[in-house]
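As you go down the protein sequences, you meet chains G and P in turn. For my numbering, count along the first sequence from 1 and bump the result up by 1462. For my numbering, count along the second sequence from 1 and bump the result up by 161.
Accuracy of the hints is not assured; some may be wrong.
As the list claims (entries may be wrong) - Derived, one-sided and incomplete: chain P residues facing chain G with beta-carbon distance under 7 Å:
| no. | residue |
| --- | --- |
| 1 | Trp-791 |
| 2 | Leu-794 |
| 3 | Met-795 |
| 4 | Val-798 |
What the hints assert, rightly or not - Computed Cβ-Cβ distance ranges for the label pairs, DEER-style:
| no. | chain 1 | residue 1 | chain 2 | residue 2 | range |
| --- | --- | --- | --- | --- | --- |
| 5 | P | Leu-792 | G | Trp-1537 | 24 to 30 Å |
| 6 | G | Leu-1563 | P | Glu-301 | 45 to 51 Å |
| 7 | P | Pro-218 | G | Pro-1576 | 48 to 54 Å |
| 8 | P | Ala-318 | G | Leu-1559 | 54 to 60 Å |
| 9 | P | Arg-813 | G | Leu-1559 | 27 to 33 Å |
| 10 | P | Gly-368 | G | His-1515 | 54 to 60 Å |
| 11 | P | Arg-813 | G | Val-1529 | 42 to 48 Å |
| 12 | G | Leu-1560 | P | Glu-301 | 42 to 48 Å |
To be verified - Just a sample of chain G residues kept apart from chain P, beta carbon distances all over 12 Å, derived:
| no. | residue |
| --- | --- |
| 13 | Leu-1479 |
| 14 | Ser-1510 |
| 15 | His-1515 |
| 16 | Trp-1537 |
| 17 | Phe-1554 |
| 18 | Ala-1566 |
| 19 | Gly-1624 |
| 20 | Gln-1627 |
Just so you know, the hints here were simulated from the structure itself, not pulled from any lab data. Bear in mind the structure is a predicted one, so any value in this text is a computation, not a measurement. For every residue, glycine included, the Cβ atom is placed at its ideal position computed from N, Cα and C.
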Amino acid sequence: MQTTAELLLLLVVLTDLAVLGTSRLRTCIRAVAAQGLLLGLLPLALASQVTVHVAGLAAGTVLVKAVVLPWFLLWAIREAAVRREVEPVVGFIASLLLGALALALAFAISGRLPASDVREPVLIPAALATVMMGLIVLTTRRKALTQVVGYLMLENGIYLFGLTQTESVPFLLEVGVLLDIFAGVFIMGIVVFHINREFDSLDSARLSELKD
Amino acid sequence: MSFVAWSVVLLVASGVFGALFRGRASLADAVFRAGTLVAAIVGSVPAVRVLRGTPVPDVTLPAPVPGGAWAFGLDAVSAVFLLAILWAGAAAAWSGVAALRGHVAPAAARVSHAFVGALLAAMVAVVTARAAVPFLIAWETMALASYATIVLDHASADVRRAGMLYLVATHVGTLALFELFAVWGAGAGDLTFASLAAHPPGGIARGAALVAALVGFGMKAGMVPLHFWLPEAHAAAPSHVSAILSGVVIKMGVYGLVRVTVLQGAPPAWWGWTLLAAGVASGVLGVVWALAQHDVKRLLAFHSVENVGIILLGLGAGALGVTYAHPAVAVLGFAAAALHTLNHALFKALLFLGAGGVAHAAGTRELDRLGAAARAMPVTAGAFLVGAAAIVGLPPLNGFLSEWLTARALLHAGLSTGSLRLAVLAVAVLGLIGALALACFAKVVGTVFLGRSRDPAARAAHESGIGETLPLVALTAACAGIGLAPAVVLPAILRMGAGAAGVSLGAIWAGGVDPATAPMGLFVAVVAGLGGIVWASRALLRTRAARGAHETWGCGYAMAGARAQYTASSFAAPVLASYGRVAGVHAHRTAAAFATHAGDPVLDACVTPAWHAVERVARSMRPLQRGRVWLYLMYLVAALGATLGYLLLAGRAA
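Bound-form chain G, shown alone (with noise of 0.2 Å):
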């Protein structure tokens, strides 16, 4: 089981990094479904024993991450009419060599945290490197869909913390982050919507016409 688990939490950094080596958004957003439906699958490889707890938990975030959400912001780009990723702030090799960093780091800090998770070590490590990254998707992109997928990552981040707490705190906590994301997409969503009509354009570094 152990190994399942690895494999699959190696997948979803790689996910991480695809996100951030990419100009399309589209596979951006494919990558973030593939993300979405890893994260489904850990609980099951995870759990030492699958209850309907555990079950309905991989089948909720594999509907909501990989299904809905991917659905959602594929239709927005439909909507807006935009493919690709231009003139990040930070390049994309460059992006890639961030991620890169924030993986060591994230393998650096995780050892000296006192929550480590003695089931699987990398656990913790994998939810670092995934909330690090999608800090700097959110920090680097001007889109304002890359945002959203930003957001997700980091969303994702913290859905892997929680998954450490599974066997102590009942599940409420997942259902939150999965409430946690629909609000955030839904604001986000309506953001894009708007920016789109109003301004013809899903730059959000042009929302700094709003300033003052």
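With chain G's structure known, arrange chain P on it following the hints.
The following block gives chain P in isolation, referenced to the frame of chain G:
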């Protein structure tokens, strides 16, 4: 306490009803008036009961937020302030309904009334709160509601500026109060006043807490040099709002200082001396600056600074009495401060409402353009004259009673041994303040009500309606009533002082201290009787003597026009000349013209330059705001990283 709660509900509900009601304006106004009056009556029931010596049980609600239970209580100190809030507030609300009708859009007027109701309710909560959290909530509600009432005429740039100055000043004060409770509460279990009193801070923490109290409450009270917002706000607000601001809102600062003094048990000596020094500075400078003013409402506002000074003299004496274990000084000092607070609320509300009526009728607040208002507005003139005599401290009115108590407290301090004796010097200051105030009100009454009308527009002035004169008459009656019945008022107020000082009254009487009450009734009767005799003989003489019509300020030159009358500025000039630059009068002289401008030295020389410096610093930080989402996220990440790094380092160090 349930009576007080009902009073709060009535105040809020009657205002909100008017603001939401879409029907006849007269009905909404009547509901608001009835609401404030009934609230005042209902709220006075427990206040009077407490002042007569029957305690009212406290109420404790479970706290919805951290910081301990939400306790509410009513002791004698709160009761005095409660009476001032409810009755000065009700009088101002009644007058305000009439004053705004026809001058402001009905919808705006009703919203303003709703804020007045909320303001009064918030102040009731301030004086009854017995825990820091509800106190601060009520304090902030009060600050915001009074801002909303000040900027009623927000189309005028001056009003907006005054409102902004008020908002900045009040929030600086609130910040200081947060510090006060944070520092004080650090050593206590929770933030109820009971546990704060049980654990007074020591050492540096006590100093920090007391300085914060001085800034936070002093700012609200209008203590020099923190008074700079007060004249601006009072001049900008509608007159009935000025009456509330000056009569009761600034008294909340006084209440806070009293509460802090009482809560800390035995205050350090420097606290009492600082209050006394602030009282001297506020009293003298307030009245000198008042003398220099050309605008009748600014002048009255500076008189509030002066009267807060007198209150602080009493409070300082009270605190020193506790510190140096001299119970008579403590009781008399606290009693004087509380009684002067109540009295000032009554006569300052009266003066503002009267001045507002005149300014409304004449269309100007400039002293040098008013005149002869006594002929057109006899009721207002009579009431204003009584209010002026009361604020100056002439017997047999209420101002005399409380200033006499203040003087008694200071004189008793002079009879003691040790350094407390030095406090007696403040009696001389009290005398100086009284004399200057007399000069100032001679100037106001002389130029506004006597002489000939200086402005053609002002000649059309006529008496205000019953809605405005009725509150004036009621307040006049209250001022005279308190002054004429010291036997009723003084025992209650001295009992309150004893409660605040933590001693029993009997011990002081037994200690051989003259209670100061026994001769007062006799003295007042003699003064009132003499006044009556003089008045009667004057009336008798006037019927016999031939009457000639002469101009009051004719100066022997019969042909002089109205504009050649002696002006208010000239009347004040000889007095002000001896104060030099402190008076803050700037003269502009050209070959053909001469004008004076009365500024506020603190505002012009300190606060405005400091504000510009802050603005420059703020502008240099402008480039941080780029309007880019990703950049803001970077800031967030950087701040988060810095915090985590700090925690990491701090964890290592520990």
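- Unsatisfied constraints (hint numbers, rising): As far as the earlier hints go, not one is violated by this structure.
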